[in-house]
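*Asks:* Spelled out from the first residue to the last, the chains are:
Protein chains: 2
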Amino acid sequence: MARRLVVIGGNAAGMSAASQARRRRGRDDLEIVVFERGNFTSYSSCGIPYWVGGLVEGPDKLIARAPATFRDEYAIDVRLRHEVVAIDLESRHVVARNLENGGEPVHVRFDDLMYAPGAEPVRPDWADGGLAGVFGMQTLDDGAALMDWLGAEPAPEHAVVVGAGYIGVEMAEALVRHGLRVTLVERGAEPMSSVDPDMGALVREAICGMNIEVRTGVTVTGLKESDGRISAVVTDSGELPADVVLLGLGVRPNSQLARDAGLPVGRTGGVVTDLRMRVADGIWAAGDCVETVHRLSGHPVHVPLGTHANKQGRVAGINLGGGYATFPGVVGTAVTKVCDLEVGRTGLLEREASAAGYEFVTAVVKSTNRAGYFPGAAQMTVKLIAERRTGRLLGAQIVGRSEAAKRIDVVAAALWHETTVEELTAFDLGYAPPYAPVWDPVLVAARKAAVAVERAGQ
Amino acid sequence: MARRLVVIGGNAAGMSAASQARRRRGRDDLEIVVFERGNFTSYSSCGIPYWVGGLVEGPDKLIARAPATFRDEYAIDVRLRHEVVAIDLESRHVVARNLENGGEPVHVRFDDLMYAPGAEPVRPDWADGGLAGVFGMQTLDDGAALMDWLGAEPAPEHAVVVGAGYIGVEMAEALVRHGLRVTLVERGAEPMSSVDPDMGALVREAICGMNIEVRTGVTVTGLKESDGRISAVVTDSGELPADVVLLGLGVRPNSQLARDAGLPVGRTGGVVTDLRMRVADGIWAAGDCVETVHRLSGHPVHVPLGTHANKQGRVAGINLGGGYATFPGVVGTAVTKVCDLEVGRTGLLEREASAAGYEFVTAVVKSTNRAGYFPGAAQMTVKLIAERRTGRLLGAQIVGRSEAAKRIDVVAAALWHETTVEELTAFDLGYAPPYAPVWDPVLVAARKAAVAVERAGQ
Numbered sequence: 001m002a003r004r005l006v007v008i009g010g011n012a013a014g015m016s017a018a019s020q021a022r023r024r025r026g027r028d029d030l031e032i033v034v035f036e037r038g039n040f041t042s043y044s045s046c047g048i049p050y051w052v053g054g055l056v057e058g059p060d061k062l063i064a065r066a067p068a069t070f071r072d073e074y075a076i077d078v079r080l081r082h083e084v085v086a087i088d089l090e091s092r093h094v095v096a097r098n099l100e101n102g103g104e105p106v107h108v109r110f111d112d113l114m115y116a117p118g119a120e121p122v123r124p125d126w127a128d129g130g131l132a133g134v135f136g137m138q139t140l141d142d143g144a145a146l147m148d149w150l151g152a153e154p155a156p157e158h159a160v161v162v163g164a165g166y167i168g169v170e171m172a173e174a175l176v177r178h179g180l181r182v183t184l185v186e187r188g189a190e191p192m193s194s195v196d197p198d199m200g201a202l203v204r205e206a207i208c209g210m211n212i213e214v215r216t217g218v219t220v221t222g223l224k225e226s227d228g229r230i231s232a233v234v235t236d237s238g239e240l241p242a243d244v245v246l247l248g249l250g251v252r253p254n255s256q257l258a259r260d261a262g263l264p265v266g267r268t269g270g271v272v273t274d275l276r277m278r279v280a281d282g283i284w285a286a287g288d289c290v291e292t293v294h295r296l297s298g299h300p301v302h303v304p305l306g307t308h309a310n311k312q313g314r315v316a317g318i319n320l321g322g323g324y325a326t327f328p329g330v331v332g333t334a335v336t337k338v339c340d341l342e343v344g345r346t347g348l349l350e351r352e353a354s355a356a357g358y359e360f361v362t363a364v365v366k367s368t369n370r371a372g373y374f375p376g377a378a379q380m381t382v383k384l385i386a387e388r389r390t391g392r393l394l395g396a397q398i399v400g401r402s403e404a405a406k407r408i409d410v411v412a413a414a415l416w417h418e419t420t421v422e423e424l425t426a427f428d429l430g431y432a433p434p435y436a437p438v439w440d441p442v443l444v445a446a447r448k449a450a451v452a453v454e455r456a457g458q
Numbered sequence: 001m002a003r004r005l006v007v008i009g010g011n012a013a014g015m016s017a018a019s020q021a022r023r024r025r026g027r028d029d030l031e032i033v034v035f036e037r038g039n040f041t042s043y044s045s046c047g048i049p050y051w052v053g054g055l056v057e058g059p060d061k062l063i064a065r066a067p068a069t070f071r072d073e074y075a076i077d078v079r080l081r082h083e084v085v086a087i088d089l090e091s092r093h094v095v096a097r098n099l100e101n102g103g104e105p106v107h108v109r110f111d112d113l114m115y116a117p118g119a120e121p122v123r124p125d126w127a128d129g130g131l132a133g134v135f136g137m138q139t140l141d142d143g144a145a146l147m148d149w150l151g152a153e154p155a156p157e158h159a160v161v162v163g164a165g166y167i168g169v170e171m172a173e174a175l176v177r178h179g180l181r182v183t184l185v186e187r188g189a190e191p192m193s194s195v196d197p198d199m200g201a202l203v204r205e206a207i208c209g210m211n212i213e214v215r216t217g218v219t220v221t222g223l224k225e226s227d228g229r230i231s232a233v234v235t236d237s238g239e240l241p242a243d244v245v246l247l248g249l250g251v252r253p254n255s256q257l258a259r260d261a262g263l264p265v266g267r268t269g270g271v272v273t274d275l276r277m278r279v280a281d282g283i284w285a286a287g288d289c290v291e292t293v294h295r296l297s298g299h300p301v302h303v304p305l306g307t308h309a310n311k312q313g314r315v316a317g318i319n320l321g322g323g324y325a326t327f328p329g330v331v332g333t334a335v336t337k338v339c340d341l342e343v344g345r346t347g348l349l350e351r352e353a354s355a356a357g358y359e360f361v362t363a364v365v366k367s368t369n370r371a372g373y374f375p376g377a378a379q380m381t382v383k384l385i386a387e388r389r390t391g392r393l394l395g396a397q398i399v400g401r402s403e404a405a406k407r408i409d410v411v412a413a414a415l416w417h418e419t420t421v422e423e424l425t426a427f428d429l430g431y432a433p434p435y436a437p438v439w440d441p442v443l444v445a446a447r448k449a450a451v452a453v454e455r456a457g458q
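So the sequence lines, in the order shown, correspond to chains A and B. Using full-length UniProt numbering, the first residue of the first sequence is number 1, and each one after it goes up by one. Using full-length UniProt numbering, the first residue of the second sequence is number 1, and each one after it goes up by one.
No lab work stands behind these hints: they were computed from the structure. Watch out, some of these pointers could steer you wrong.
Identical copies look the same in the list; a pair holds intra-copy or inter-copy alike.
[To be verified] Simulated crosslink set (DSS-like; lysine-lysine; CA at most 30 angstroms straight-line):
no., residue 1, residue 2
1, K448, K366
2, K448, K61
3, K61, K366
This is chain A alone, in the form it adopts within the complex (with noise of 0.2 angstroms):
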């Protein structure tokens, strides 16, 4: 008889486990079924924002594998708008209910278990309260439900956006892009807080010039409604009209299911793996649901991004199939583009670094992204966090307008492998003038960096 494995989520972690786990084994060895609670598949949810703003035709074109092509091509049992209720570790049993037609309960028996509900957005106390117009922005679902509240009559005209994370800044451009009137509200002193202090500086400066009120330093405290509908948001410097309103303040991992069925979830709410994300014995788990390791600060994080779960997927899918392969942590990077700006970090922010005990040197330079001389040459900020003594790269942060984020990748490749802020000035990067100054960006920050190693002295 065929081993079973149940997936539990039908997005990127599980669906490239699921995937991979089928290419090493055939459906004569393996049978594969999937229960995801939504109603699409293997989706960008990071290009919901692109959607909404018109750039992409969705839902359809965020869909990079529908339900029947997994299981036509991969013999996958997909079973859209199943909720997972329970998990039975000792009978090796997972309940699950059809959302559709609200009916009785069905167990079915696994060998193994794929564990990738994914995450959910943060709702506040004061956005409980399931008032229409209020949404977060984490599924598919969540797209198509905001879509059709932005389509409906009366038009939504004012939009607030609470929390100005890299979710908050690109679904605030995004609405603009809609047509309406956008409020982005940040608690903190300048958005971005993904980026230190100074570099949110400059974000703010740019996006103030893209038809988004920026209002930080203000904390939302509870919503108005009208016919049961959302009318303002109250903050504590005075009320906001809203008639849609965006949740940007980050997200949860799913783990409650697996924290009832006595799986082990650690301090960041995630569900703790192995290296090769494995839970318990034919338990395994992966993507926004789980916690990982930052390689520089050694400490447990959650940091949930498409990337990640699509590689700690295939690391499961491998392993689930027999194979052997590792998911060796994150070094905390990420990119974002709010309209022409671009913003890339990697590593630990100064705060971060100082709460994982280092002390640090930083520098920041302006460079430019060609030659100076070069047609459509653009100016970029780099800083650079290196230890303090060693020298040791501890993080980056760019903010630029073109061909700049990027550039962070670099940065992540040398973090990864413990580099020295001195041995990356000699780094052999691509020169030419379309494409760089003889110094790269990266290496003039090296430099800078360096000499302030240097001046710290021991």
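Got chain A sorted already, so can you dock chain B onto it with the hints?
*Replies:* Leaving out everything else, chain B in the frame of chain A:
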């Protein structure tokens, strides 16, 4: 009495060294004299094609720092149009001639000598006659001479570029932009022998659509003249009319002066230095005149690129100034752009890997620069070469249309640290739909290479 540093060559390497030395040692402590054969200091040779092509105003825009800046701000005595014709290590003197007045050679004592005369274009026997209208392209003076020729009456109409390496293809594009009919002649089967033939074929397809006539597998055997001017290029498959000829056959290190003085010159023709760029006691060298080590083959190589010249010059200058720095070699990175075609390479090509003694597997993938659904998504081809058994990354090549070539930098960073392709699959690279698919093209290639390594087994 101040020590005296004499610098031979006033471009990237020489002036970087001089500037760094000055930063560490004041003018009362160190006198600096620079002899430069040409009319310019510290310029971008790599920018010449863009001057010829009309994208950049030359020569002024290509000069990073003029002699007056060095004199006034750095107290560096720059003597243009002075050629050093001999070095006497015994008496610690150089002999220099002023090329302007053909005057008596002057003898100048040195305590430290920085040797940085660069390289010069390879001129085959058939190009050795000094025929008017035949140009190498290395110095800004070469560029100025070409521009004079192109601007004179009768205006040249037919250009033949001999050699389809970086300089050849960049100059071919430049001459097309300048309004000439251009034929690019290459002895090899494909252009760009700096990439493997399968990738070179992609380049050929692309440049054939750029109004450049490409003739591969053709060898130039001589030139024809009319009234002392070039009139045609003779090849083994017929004559090509030409009133201007560009030599794109590579460059040779200017090491004869060093060799004559008894300084060590390696089998690449480049001067041999230690890691600090020291040649002998008080004698330093850097830039296009030296050889360096390729970190993957362990072999000495001559890689005449401005980026290395700048780095090596900086290292020499730090050491000259009493500091400590090393230049740890290269990994063979290079990027070029021909019209909108982007080409990048790093590490070893297949033939180079074989020559170094490696057995290897390869992986070639097609992917896109951005998420497939994102506006402006364009295809690129990525090739990885990995050592058999160990899976150690040995090299990479990328050909694409947009946001492609600089992705080579991540691989360059990975090569630097002897990463395996398996480990590369886990690299934490920036992901957002405007910048990359959820698996960056480099990671897609790493996955395929890892499978190839696994399949090749022991």
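*Asks:* The structure should be examined with respect to each hint, and the outcome stated for every one.
*Replies:* Outcome of the hint check:
With identical chains, the CA atoms of K448 and K366 are at most 30 angstroms apart within one copy only, with a shortest distance of 11 angstroms there and 38 angstroms across copies. In this assembly of identical chains, the alpha carbons of K448 and K61 lie at most 30 angstroms apart only when taken from different copies (25 angstroms versus 44 angstroms within one copy). In this assembly of identical chains, K61 and K366 lie within 30 angstroms of each other by CA distance solely across copies; the values are 19 angstroms between and 38 angstroms within a copy.
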